Structure formats: C-alpha cells, structure tokens
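Produce the complete structure using the sequences and hints provided.
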Amino acid sequence: MSELFNRETHKQYLSLLLTDIVKTFGPERLAFKGGTCAVYFYNLPRFSFDLDFDMLKPFNETEISQFREIMARHGNISEFYDKHFTLFCLFDYGKGHPKIKVELNKRIWKNNAYKTAWFMGIAMRIADEATILTNKIVALTDRRSAVARDLYDVWYFLKKGYPLNEALIKERVNKTRNEYLKFVIPFIKKHFTARNVLQGLGETLDEKQKVWAKANLINETIQEIRKKL
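If you're matching positions, the sequence shown starts at 2 in the working numbering and goes up one per residue.
It is worth saying that the hints were derived from the structure and are not from the lab.
Possibly wrong hints are sitting among the right ones.
Said to hold, decoys possible - Within a straight-line C-alpha distance of at most 27 Å, the following computed DSS-like cross-link-like pairs (lysine-lysine) qualify:
1) 228 with 176
2) 229 with 183
3) 116 with 102
4) 161 with 191
5) 12 with 215
6) 171 with 190
7) 171 with 111
8) 96 with 160
9) 12 with 24
10) 211 with 228
11) 176 with 111
12) 160 with 228
13) 107 with 58
14) 171 with 228
15) 111 with 100
16) 228 with 190
17) 229 with 190
18) 171 with 160
19) 100 with 12
20) 12 with 107
21) 58 with 171
22) 171 with 191
23) 96 with 12
24) 209 with 161
Values in this document were obtained by computation on a predicted structure and should not be read as measured data.
Following this line, the structure appears as structure tokens:
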C-alpha cells in the first residue's frame, strides 16, 4: 500500500461518492451491498476500499452519463465501461492513493432481499443480513480465484448469527443449503492456508487481527459453517 494512503481520506471519498450516487438515483433504483455496506451498516471489523450496488432498474443513457458526471466531479476517472452485467467506474482521487472501484451490478438475483437504512440523513436500500451473507458465501466458490476477504466476511456474518437465504442459494448454485455448505467446507480446506489467508485481506486488518486471522480464520469459519448443518 502506498505511503500516501490515508484511511480517513479514503473513507471520506467513499462516503462522498455513496451519498452523491444515492441522492441522484434514489433507493428505488440502486441497492447498496458488499464489503463497504457491511462496514457501514453491519459493523464488519475490517477496512473496505470499494462501492458495490445492485441496479434495481436499468439505467438509460442519460442516467449512465449522470453516473459518470458524479465520478468526474469528485476526481478523475481511470476506467469506465458499460457491459452486459456491469456498469463500472475506477475512481482516482490522487496520485499514490488507492483507486476506488464503483460497480453497479445489473444481474439481480430474484431472491435478493433489501431493507431501508439511513446514512448521513439519506435513506437508501441495502442488502439485508441473509442476502449479504448468502452472496458472500456463494462468492467464496464463485470467483475465478478464492478471495480471503470473502472468507473473513463469511466468518463474521456467521459468528453474528445471520441466517442464510436458502432460496437464494438454490437460485445461484442449484444446490440445497446443506448440499452447498457440505461443498464449501472442503473447498475452504483446499484453497486457503496459513500461507495465503492474508493475501488481499491483511491490508484491511490491524496487526492484532492479522495475527488472529492467520492462526484461526480458516478453522473458525469451518466451525461456524458446520453449526449451520
């Protein structure tokens, strides 16, 4: 991570972009989700760098331009594209600082569930507890390569006692809840070790958390999954 990186500055830009996007498009158009959503609304105890949304209604060309204008107003746009499943912007607020990925997902699972939450006086839709956990646990096995941040988030949500959305699991992976959980356990054992569990995760944790995660995260996540069987 660059020496110029300042967590408070990064958080200020995340909040600035989040509020501007939601004020512009409203809670009926976008739902906030992902790691930063979990930090803000579910007290996820790690740092998060990016903004992720579900696009609840398709954007027209004018709205795509509005989204781009929001990004350009607050910094520089390093990348911007509109693909079949994603409207994406890579936002740059200064040389040497980490860029912010802002992703609007167009592929909405019909069993996702959302609720209303307030942030800085603004009402927004956010993924509910079961949706945020279920999509995270599916992401563990769904990505091109396993991501340790997913593992950490799954552990945290399970430890908090969040429920799983069984219909969403079935929709996404065509397995029952128990079938999928029995598949996930050996997947975790195969893809995560003490040597790689901090890759991409360590930069989001403090030193005490990193020591704990390296020693305990894999086994404790598996234990929490087994409690759901």
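Task: Ascending list of hint numbers which this structure does not respect - done: Going through the list in order, the structure violates hints 8 and 15 and respects the others.
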